[in-house]
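Letter by letter, the chains look like this.
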Amino acid sequence: MAIISVRELSKHFKVSKHNRGTMGAVRNLFSRQHTTVRAVDEISFEIQPGELVGYIGPNGAGKSTTIKMLTGLLVPTSGELSVNGLVPWKERQNYVARVGAVFGQRTTLWWDLPVIESLSLLQHIYKIPPGRFEANLKEFRETLELDPFLNTPVRAISLGQRMRADLCAALLHDPDLLFLDEPTIGLDVVAKERIRGFIQKVNRQRGTTVILTTHDLSDVGKLCQRVMIIDHGKLLYDGNLSALKDRFSGKRELVVEFAEEYANPQIASAELTHQDGSRVTYHFSRDTITASELIGGISAQYRIRDLEVREPEIEETIRRIYEERLLERI
Amino acid sequence: MLEIYRRLIGVQIRGQMQYRFSFFMELAGTALITLLEYASLALVFARFETLKGWSLGQVAFLFGLAELSFGIMDMFFSGFDPSFFGLQVRRGFFDQLLLRPLNITLQVIGSEFTLRRIGKIVVGIGIFIAALNMNPVDWTPLKILLTSLVVVSQVAFFGGLFIIGATITFWTVESIEVVNIFTYGGSYMISHPMHIFPNFLRYFFTFIIPAIFLNYYPALYILDLPDPFDMPAIAPFLAPVAGLWMLTLALAFWRFGIRHYQSTGT
Amino acid sequence: MRLFWELTKISFQRHLTYRAATVAGLVTNFFFGILRAAIFVALYDLQTEVEGITLQGAITYAALGQALIGYLCMFSWFELMNTVYTGDIASDLLKPMNYFSFWMAQDLGRAAVNFLLRGIIVMIGYAFIFDLVWPRGAAQIIAVAVSLVLGWLVSFSWRFLINLTSFWTPNARGILRFFFVLSWFFSGFLMPLRFFPEWVLRISYLMPFPHMFNTVIEIYLGVLVGPEMILALLNQVLWILSLILAGQIVLRLGVRRLVILGG
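These protein sequence lines map, in sequence, to chains A, B and C. According to the working numbering, the residues represented by the first sequence are 7 to 336, in order. According to the working numbering, the residues represented by the second sequence are 2 to 267, in order. According to the working numbering, the residues represented by the third sequence are 11 to 273, in order.
Treat the hints as calculated values from the structure; they're not laboratory data. Keep in mind that a hint or two might mislead.
[Unchecked claim] What follows is a list of derived Cβ distance ranges for each label pair:
{"no.": "1", "chain 1": "C", "residue 1": "Val159", "chain 2": "A", "residue 2": "Val195", "range": "55 to 61 angstroms"}
{"no.": "2", "chain 1": "A", "residue 1": "Arg147", "chain 2": "B", "residue 2": "Ile119", "range": "35 to 41 angstroms"}
{"no.": "3", "chain 1": "B", "residue 1": "Phe254", "chain 2": "C", "residue 2": "Val235", "range": "31 to 37 angstroms"}
{"no.": "4", "chain 1": "B", "residue 1": "Leu202", "chain 2": "C", "residue 2": "Glu16", "range": "43 to 49 angstroms"}
{"no.": "5", "chain 1": "C", "residue 1": "Pro207", "chain 2": "B", "residue 2": "Leu116", "range": "33 to 39 angstroms"}
[Unchecked claim] One side only, chain A facing chain B, incomplete, derived with CB under 7 angstroms:
{"no.": "6", "residue": "Phe51"}
{"no.": "7", "residue": "Val93"}
{"no.": "8", "residue": "Val102"}
{"no.": "9", "residue": "Ala103"}
{"no.": "10", "residue": "Ala107"}
{"no.": "11", "residue": "Arg112"}
{"no.": "12", "residue": "Thr114"}
{"no.": "13", "residue": "Leu127"}
{"no.": "14", "residue": "Phe139"}
{"no.": "15", "residue": "Asn142"}
No residue lacks a Cβ here, since even glycine has one placed at the ideal position from N, Cα and C.
Produce the entire structure from the sequences given, and follow the hints as far as they go.
Here's what the structure looks like:
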C-alpha cells in the first residue's frame with residue numbers, strides 16, 4: 007500500500023498584473039488584470055512507506071505548491087490525493103497528527119522560549135504519551151546533540167542548532183511521514199553533513215517516509231535513491247537517481263599529465279579544452295568513446311606520465327537538466 | 002482544551018516578560034492613550050458643561066465601561082487582531098498552526114496575548130469608578146448583573162469583529178484599515194451617548210450592527226435615564242444578544258475564510 | 011539635490027501604489043471625522059463660539075484633523091527604526107547623501123501622496139456634508155500653506171529624532187509608541203488646545219507637538235492673525251531648527267556607537 011498516492015493533481019492560481027511607473031501606478035488605482043497560472047499541472051505519483059524521495063525543481067516550479075497540498079495547507083483544483091489513507095485538507099487534525107514537517111526558513115518553536123519548553127509544549131499539543139516522549143527526547147538529545155542549547159531561547163541559538171531542534175520537534179510524535187523543505191539552507195558544510203546523517207538515520211532506523219525538497223542538490227545526491235523533478239508544474243522525471251545520471255551525465259573529463267610538452271596534442275573523438283604546459287584536459291562523451299579506448303588512443307601517440315578521469319557530479323547533471331531543459335525535449 | 006489554552010497563553014506571557022523594559026513602556030503607552038483620550042473630553046467639559054444634556058459623570062460611565070471591555074477583549078483576542086494576524090499569515094506562521102493537530106481557532110487565540118492591555122483595563126476601571134463618584138448609582142442586583150453582562154457582551158461583540166477583520170486578511174491586508182471603523186470606531190462610538198450622532202449612523206448601529214445595545218441602553222437603565230428613542234422596555238437587556246450574534250456570525254465567516262485560504266494560499 | 015528629488019519621486023510612486031490602503035484610509039477618515047463633528051455639535055449645543063472658535067470652526071477642525079493624519083504621519087513611523095534592526099542602515103549611511111536628507115526626501119514623497127490623495131479628498135468630501143470654514147484672502151492662504159509645510163517639517167524632524175533611539179535600545183518601538191500617544195494629545199489632535207485649561211496649554215507649548223498641528227489649524231481657522239500669526243510661524247521655524255540640530259548631534263553619537271559595536 008502506497009503511503010502517498012497522487013493522481014492527476016493540479017493547482018491553478020489567479021495572479022494580478024501590475025503596471026509600472028507613475029502613470030502605471032495611477033492606472034493600478036483603477037484596474038487590475040488577472041492571469042491564471044498552472045502552478046501544478048496534472049502530476050501523478052506514488053510513494054511507498056519507508057522511501058526517501060527528493061522532490062526538486064528550479065524556483066517557482068511548483069515544488070512548494072505540491073508540498074502545501076500534500077500537507078493539507080492547500081486544496082487542489084483537481085485530481086486525487088490520499089496520504090496515509092486520508093485526504094489531507096479534509097481531515098486536517100487527524101492527518102497532521104501523523105505527519106512531521108520542517109520548513110527550513112522558519113521555525114515551529116516559540117521564539118522567546120528555551121528549546122526544552124517548546125518541546126514539552128509540543129508534547130501536550132500532540133498528546134504524546136509521557137513514556138514515548140521521554141524515550142524519543144532522550145534519543146534525539148543524543149543523536150542531534152541538543153544538550154548544549156536545550157535551555158537557551160530559540161532566538162539566541164544558531165541556525166544549525168535551530169534546525170536540529172526543529173527536526174527533533176517534528177519527530178517527537180513518531181510521524182509516519184516527514185516533510186523537509188530546505189533543511190540545510192544557510193548551513194555550513196559540517197552542519198549540513200550532520201543534518202543529512204540524521205535524516206538518513208531516521209529513515210533507515212525508524213522507517214519514516216521522507217519527502218525532501220531542496221535547492222541544494224548535494225542533499226539529494228547524498229540522501230535520495232529516488233528523485234522527482236518538477237518544472238512549470240509538470241513532473242518531468244520520477245525515478246532512480248543513478249539512472250538519471252547515466253542518461254544525462256554530460257561530458258566526462260580526462261586530465262592527462264604528459265611526460266613532455268606537446269604542441270596541440272589533438273585526439274580523435276575527444277575535445278581538447280585546456281592546455282597548461284604538459285597538463286592537458288579533454289572532454290569526451292560515453293556515447294562516442296569509452297575511457298579505456300581514449301586512453302589507449304592517446305598513449306599510442308604520446309608519452310603519458312599520469313592521468314585522471316573525472317565523472318560529472320549529480321549537481322552538475324541536474325543543473326544542466328534545468329538550464330538546457332533536457333527533459334522537456336524528450 | 003482549557004489545559005492546552007492555559008499552556009499556550011503561559012508561553013506568550015513568559016515570552017513578553019523577557020523584554021521587561023519594553024513591556025512596561027508599552028503598558029504605560031496603552032494606559033496613557035485611554036487616559037489622554039478621556040482627559041481631552043473631561044478637560045473641555047468646564048468650557049461646555051454638558052454633552053447634549055449628559056454630565057461628565059454620565060459620559061464617563063459609558064467611557065469607562067467601553068474602554069475596560071475593549072481592553073479585556075484586546076488582551077484575549079489579540080491573536081485575531083487583524084494587523085497582527087495578517088502578518089502571521091504573510092510570514093507563514095498560520096501555516097505552521099495548520100500543521101498541528103489542534104483546533105485552529107484555539108491556536109490563533111493562543112498565538113498572542115497582549116498582557117500590556119492591562120494598562121487600558123486599569124485606566125478603564127479607574128474612569129468607571131470616577132464616574133460612579135461623580136454620578137452615584139442606585140444599585141440593585143439586576144443592575145449589577147447587567148453591568149457584568151455588558152462587559153462580557155462587549156468582549157464577545159468586539160472579539161467577533163476582530164475575527165471578521167482577521168478573516169478578511171486572507172483576501173487582502175491592504176484595506177484592513179476599514180475594519181478599524183467597526184472595531185476602534187465602534188468602541189469610540191459606544192463610549193459616547195448615542196443620541197449625539199446623526200440618525201443614519203445611529204440607525205446603522207442599531208439595526209445593522211446592533212452596537213447601541215452594548216453600552217448606551219444598559220447605561221440608560223442603570224443611570225435611570227429616559228429613553229429618547231422609545232425602544233421596547235427590553236432594549237437595555239439586549240446586550241448579550243448583540244454580543245452573541247456578532248460572535249456567531251464571525252465564527253461562521255472565519256470557517257468560510259479558512260476554506261478560501263486553503264484553496265488559494267497566499 | 012538631484013538625488014533628493016529622485017528619492018522623493020521614487021517614494022511618491024511607491025506610496026501611490028497602495029491603492030486599497032488609500033481607499034480604506036479615506037473611508038476611515040470620513041467615519042471618524044463625522045463622529046468627531048457630532049461630538050462638537052453636542053458639546054456646543056446652544057453656544058455659538060467658545061475661545062474664539064465657532065461651531066463651524068470646530069467642525070472644520072475635526073475635518074482638518076482627519077485630512078492631515080496621513081500627511082503628518084500622526085499614528086506611527088518606524089521606518090528608520092526598522093532599518094536599524096534589519097541592518098539596512100549600514101548601506102544607507104554609506105550613501106553619498108546626508109542621512110537626514112535621505113529620509114526627508116522619502117518622507118516628502120510620502121507626505122505629498124497623503125496630502126493629495128487623502129488631505130485634499132477628505133476636505134472636498136467634508137465640504138459636501140458640512141458647511142466648512144475656508145481661508146479668506148491671499149495672505150491667509152499663503153500663511154496656511156507655509157504653516158502646513160512647516161508643520162510637516164516639525165513632524166518629520168521630530169520623528170527622525172525619536173527613531174534614533176533605536177541606536178541605543180532594542181526596545182525603541184515601545185518608546186516611540188509612547189511618544190506618539192503624547193503627540194496626539196499635545197499637538198491638539200484630540201481637541202483644539204485652546205479648549206483646555208491654561209496649565210495644559212502651558213505644558214503643551216514646552217513641547218514640539220503644538221507646532222505640528224495646532225498652529226496650522228489656528229491659522230487656518232483665523233484664530234491666529236497679524237503679529238501673533240507671524241510669531242507662531244517663527245516659532246515653528248525655531249522648533250524645526252532645534253529639532254534638526256538635536257537630530258544631527260544624536261545621529262553623530264549614535265553612529266559612533268554603531269561603529270564601536272561593529273553593528
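Evaluation of the provided hints:
| no. | hint | in the structure |
| --- | --- | --- |
| 1 | Val159(C) x Val195(A): 55 to 61 angstroms | 58 angstroms, holds |
| 2 | Arg147(A) x Ile119(B): 35 to 41 angstroms | 38 angstroms, holds |
| 3 | Phe254(B) x Val235(C): 31 to 37 angstroms | 54 angstroms, violated |
| 4 | Leu202(B) x Glu16(C): 43 to 49 angstroms | 45 angstroms, holds |
| 5 | Pro207(C) x Leu116(B): 33 to 39 angstroms | 34 angstroms, holds |
| 6 | Phe51 | 21 angstroms, violated |
| 7 | Val93 | 12 angstroms, violated |
| 8 | Val102 | 5 angstroms, holds |
| 9 | Ala103 | 4 angstroms, holds |
| 10 | Ala107 | 5 angstroms, holds |
| 11 | Arg112 | 6 angstroms, holds |
| 12 | Thr114 | 5 angstroms, holds |
| 13 | Leu127 | 6 angstroms, holds |
| 14 | Phe139 | 15 angstroms, violated |
| 15 | Asn142 | 17 angstroms, violated |
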